[in-house]
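Enquirer: Listed here are the chains, written in short residue letters.
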Amino acid sequence: MIVAKKKPIEEIIDEIKGYQKILIVGCNECVTVCESGGKKEVAVLASALRMYFLNQGKDVKIDEVTLERQCDHEYLEEIRKMIDQFDAVLSLACGVGVQFLAEKYTRTPIYPGVDTSFMGVTQERGIWTERCQGCGQCILARTAGICPVSRCAKRIFNGPCGGSTKGKCEISREIDCAWQLIIDRLKELGRLDDYEQIQPIKDWSTERAGGPRKVVREDVR
Amino acid sequence: MSTETKTPSKLEKVLKAGHLAVTSECGPPRGSDAHPIKKKAEMIKNYVDAINITDNQTSVTRLCSLASCIHLKLMGLEPILQMVTRDRNRTALQSDILGAASFDIFNILCLSGDHQVFGDNPKGQNVFDLDSMQLLQTVRHMRDQKKFLGGDDIGRPPRMFVGAAANPFADPFEIRVPRLAKKIAAGAEFIQTQCIFNVEKFELYMKLIRDRGLHEKVFILAGVTPLKSVGMAKYMKNRVPGMDVPDEIIKRMSGVPKEKQPDEGVKICIETIQRLKQVEGVKGFHIMAIEWEEKVPEIVERSGLSPRPQVP
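Going down the list, the protein sequences come from chains B and Z.
In terms of numbering that gives the first Met the number 0, the first sequence has 39 at position 40, counting the first letter as 1, and numbering is strictly consecutive.
In terms of numbering that gives the first Met the number 0, the second sequence has 70 at position 71, counting the first letter as 1, and numbering is strictly consecutive.
It is worth saying that the hints were derived from the structure and are not from the lab.
Take the hints with a grain of salt, since some may be wrong.
As the list claims (entries may be wrong) - EDC-like cross-link-like pairs, simulated, lysine to aspartate or glutamate; straight-line CA separation at most 20 Å:
hint, chain 1, residue 1, chain 2, residue 2
1, Z, K216, B, E67
2, B, K201, Z, D128
3, Z, K181, B, E63
4, Z, K282, Z, E300
5, B, K165, Z, D151
6, Z, K259, Z, D246
7, Z, K294, Z, E41
8, B, K6, B, D71
9, B, K60, B, D114
10, B, K103, B, E123
11, Z, K181, B, D71
12, B, K167, Z, E173
13, Z, K181, B, E10
14, Z, K72, Z, E41
15, Z, K294, Z, E279
16, Z, K216, Z, D262
17, Z, K122, B, D114
18, B, K38, B, E67
19, B, K213, B, E102
20, B, K20, B, E10
21, B, K186, Z, E41
22, B, K165, Z, D262
23, Z, K181, B, D192
24, Z, K146, B, D13
25, Z, K294, Z, D262
26, Z, K181, Z, D128
27, B, K201, Z, D151
Stated by the list, open to error - Residues of chain Z clear of chain B, computed beta-carbon distances all greater than 10 Å:
hint, residue
28, A16
29, H18
30, R85
31, G98
32, H114
33, G123
34, F127
35, L129
36, D152
37, K181
38, N197
39, V198
40, G230
Idealized CB from N, CA, C, for every residue including glycine.
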């Protein structure tokens with residue numbers, strides 16, 4: 000999933016304090032799973048903002064809606080009829096949803112309510128960790144199913160570097176050394192000999208470096 | 000190993016003539032006055048065969064390695080250009096290699112580099128377009144195939160003796176020798192190791208290297224560092240990633256009064272060199288006297304590594 004975290008409420012207030020009618024739009028997908036922008040978080044944020052403006056003696060209307068997804072036209076269309084009643088929208092979707100909303104509703108200012116962080120997993124309740132950076136050319140077959148692009152702080156293809164200590168990364172004892180994980184798993188799979196194959200220089204043109212990306216499937220268009 | 004040299008590198012000549020080589024390193028200053036680096040080099044020049052210039056070590060911004068190497072070259076000395084892949088993409092790496100080659104810098108040490116979080120720009124981007132092994136491959140490709148990575152011919156290709164670092168003490172230990180084998184396969188011709196304090200573990204590492212015959216394929220320079228104080232020993236043990244300082248060393252340093260600790264540190268360093276001279280496969284020493292370059296001449300002399308050989 001795309002993992003996001005809630006923005007500090009002070010930052011949100013600073014962005015929207017000039018508006019009288021605000022719609023908070025949640026998303027039922029990834030941000031619901033990572034508990035940053037689903038129906039529940041929309042309700043909590045709406046209450047907090049109402050309380051804040053009430054205390055400030057300001058009459059600000061705050062409405063709530065949570066869409067199935069904010070990255071598909073059909074769901075975003077559901078708010079077409081109501082959007083003109085608001086002078087700003089606060090989206091709790093990831094950066095993708097915020098932008099898609101803004102592309103569709105060109106006359107309404109759209110603000111982000113979360114900081115979109117990475118593609119990852121629910122490690123355990125309340126902890127989400129990164130697994131993929133969408134480099135556009137998956138190499139997991141060659142690295143025992145553990146990604147050095149997203150999990151090594153130096154994105155090293157022939158690791159571990161000299162900073163690997165007791166299975167942890169040189170930048171933090173909280174972070175596993177991806178290459179220790181790769182080696183452990185190669186061993187588990189009886190493939191430790193594969194370690195000595197030099198991974199070639201990567202083609203980064205399929206990653207961010209190559210500019211905004213696009214996938215086209217003619218057969219399903 | 001072949002005794003035929005492939006480059007005009009003095010370090011390569013010394014090693015291939017069968018001498019124990021001595022290298023040391025100098026960190027460039029944090030400013031544009033090149034005087035400090037020249038002064039450090041002047042201090043050690045008669046006691047070493049070549050001098051590494053670090054490349055923004057620990058990610059702290061400094062005068063660049065390439066310009067510092069040029070200063071040394073203009074003094075008639077033999078620099079080893081350290082180059083990390085942290086800060087440059089493949090265009091910049093190849094370009095700087097050519098820049099160094101244009102000044103006849105004949106040695107390069109290929110590294111990935113410390114993560115930027117340790118330095119003065121922890122909020123900056125890192126590059127890591129290549130890793131250290133891929134940089135080794137790149138320099139060898141430019142030198143031997145006389146081509147850029149993109150495939151075009153290079154006019155006057157670089158003539159560089161190509162080195163890599165090895166840390167016998169990082170984890171996991173079992174991968175340390177396979178990793179060295181990989182660096183050799185990628186093109187490393189000499190190796191400078193991390194500072195050795197745990198001599199026993201290093202000897203085991205060298206045995207595993209000999210078991211695979213790797214000592215016949217690459218020149219291994221054992222890294223040593225004189226400790227200035229027990230505080231430094233503890234700092235290296237606890238705070239520097241991948242460093243192995245055994246308790247006996249800490250005990251020995253703390254067993255002498257503070258003012259005698261620098262002498263004790265130098266003594267340990269010399270004893271380490273003497274012991275490692277006996278280890279088959281050790282072809283020289285890399286003395287990293289961190290901001291203590293003035294001790295290098297004494298260490299070299301008292302270790303019996305002076306005078307340095309003259310090579311044609």
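Enquirer: If a hint holds in the structure, say so; if it doesn't, say that too.
Expert: We went through each hint and held it up to the structure:
no.: 1; hint: Z/K216 - B/E67; verdict: violated, 62 Å
no.: 2; hint: B/K201 - Z/D128; verdict: holds, 8 Å
no.: 3; hint: Z/K181 - B/E63; verdict: violated, 58 Å
no.: 4; hint: Z/K282 - Z/E300; verdict: holds, 17 Å
no.: 5; hint: B/K165 - Z/D151; verdict: violated, 43 Å
no.: 6; hint: Z/K259 - Z/D246; verdict: holds, 19 Å
no.: 7; hint: Z/K294 - Z/E41; verdict: holds, 13 Å
no.: 8; hint: B/K6 - B/D71; verdict: violated, 24 Å
no.: 9; hint: B/K60 - B/D114; verdict: violated, 24 Å
no.: 10; hint: B/K103 - B/E123; verdict: violated, 36 Å
no.: 11; hint: Z/K181 - B/D71; verdict: violated, 47 Å
no.: 12; hint: B/K167 - Z/E173; verdict: holds, 16 Å
no.: 13; hint: Z/K181 - B/E10; verdict: violated, 50 Å
no.: 14; hint: Z/K72 - Z/E41; verdict: holds, 12 Å
no.: 15; hint: Z/K294 - Z/E279; verdict: violated, 27 Å
no.: 16; hint: Z/K216 - Z/D262; verdict: violated, 36 Å
no.: 17; hint: Z/K122 - B/D114; verdict: holds, 17 Å
no.: 18; hint: B/K38 - B/E67; verdict: holds, 10 Å
no.: 19; hint: B/K213 - B/E102; verdict: holds, 17 Å
no.: 20; hint: B/K20 - B/E10; verdict: holds, 18 Å
no.: 21; hint: B/K186 - Z/E41; verdict: violated, 50 Å
no.: 22; hint: B/K165 - Z/D262; verdict: violated, 32 Å
no.: 23; hint: Z/K181 - B/D192; verdict: holds, 11 Å
no.: 24; hint: Z/K146 - B/D13; verdict: violated, 55 Å
no.: 25; hint: Z/K294 - Z/D262; verdict: holds, 10 Å
no.: 26; hint: Z/K181 - Z/D128; verdict: holds, 19 Å
no.: 27; hint: B/K201 - Z/D151; verdict: holds, 19 Å
no.: 28; hint: A16; verdict: holds, 30 Å
no.: 29; hint: H18; verdict: holds, 27 Å
no.: 30; hint: R85; verdict: violated, 7 Å
no.: 31; hint: G98; verdict: holds, 21 Å
no.: 32; hint: H114; verdict: violated, 5 Å
no.: 33; hint: G123; verdict: holds, 13 Å
no.: 34; hint: F127; verdict: violated, 5 Å
no.: 35; hint: L129; verdict: violated, 6 Å
no.: 36; hint: D152; verdict: holds, 19 Å
no.: 37; hint: K181; verdict: violated, 6 Å
no.: 38; hint: N197; verdict: holds, 14 Å
no.: 39; hint: V198; verdict: holds, 19 Å
no.: 40; hint: G230; verdict: holds, 21 Å
Figure legend: structure checked against the earlier numbered hints; hints not met, in rising order: 1, 3, 5, 8, 9, 10, 11, 13, 15, 16, 21, 22, 24, 30, 32, 34, 35, 37.
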